[in-house]
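Use the sequences and the hints to build the structure in full.
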Amino acid sequence: MLKELYFEFEDGRVETKIVHIEENDTLTIYPQRDKIKHSGCKAFKYEVPQHKYLPTSIIRFWDKTMIYPAQIECHPKTTLSDIIEIKSEEQIAIEKAALPKKEPAKKWKFSSVSGGGTYTVTLTPKGLKCDCMGYWRAKDRRCKHIKEVETY
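Yeah, the sequence shown ends on 152 if you go by the working numbering, and it's all consecutive.
Bear in mind the hints are in silico, worked out from the structure with no lab data behind them. Watch out, some of these pointers could steer you wrong.
Below 30 Å or equal to it, Euclidean Cα-Cα: the simulated DSS-like pairs (lysine-lysine) are [stated by the list, open to error]:
1. Lys106 x Lys129
2. Lys144 x Lys126
3. Lys35 x Lys107
4. Lys147 x Lys107
5. Lys87 x Lys126
6. Lys77 x Lys3
7. Lys37 x Lys77
8. Lys144 x Lys106
Computed from a prediction, not measured in an experiment: that's the story for all the values here.
This is the structure in structure tokens:
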């Protein structure tokens, strides 16, 4: 696991370091000896742009470790779980355009002849559906409202 360490020294210098710490390990600093005024530690992840086609990889050379295809030099003990891929605005737009557009459900409203209510016939992926009692009574699930919509 990578951690980002922040140090502010008494002479005004500020340093940040990326270090690898195992899950149960502890990190020791010596504020008096090193004259550290403030320090901090937080989890660190490399943010790299997501490539259109190539997967993110870690390549280890003799003297350095790189994140490809972004070509970012990284800590020698970096793993893929230490990397966050950021999608570009163009990739997000392409993904949104590829999503099927959801059309609003078609609905027809009918006034009740017996009282002051309204019934709605809705076109669903499984067919027409009505919210009147006749819909539930009919064996074929075709009330008079659905039959009227079908005649259109």
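| query | Which numbered hints does this structure break? | reply | Hint check: 3 and 5 fail, others pass.
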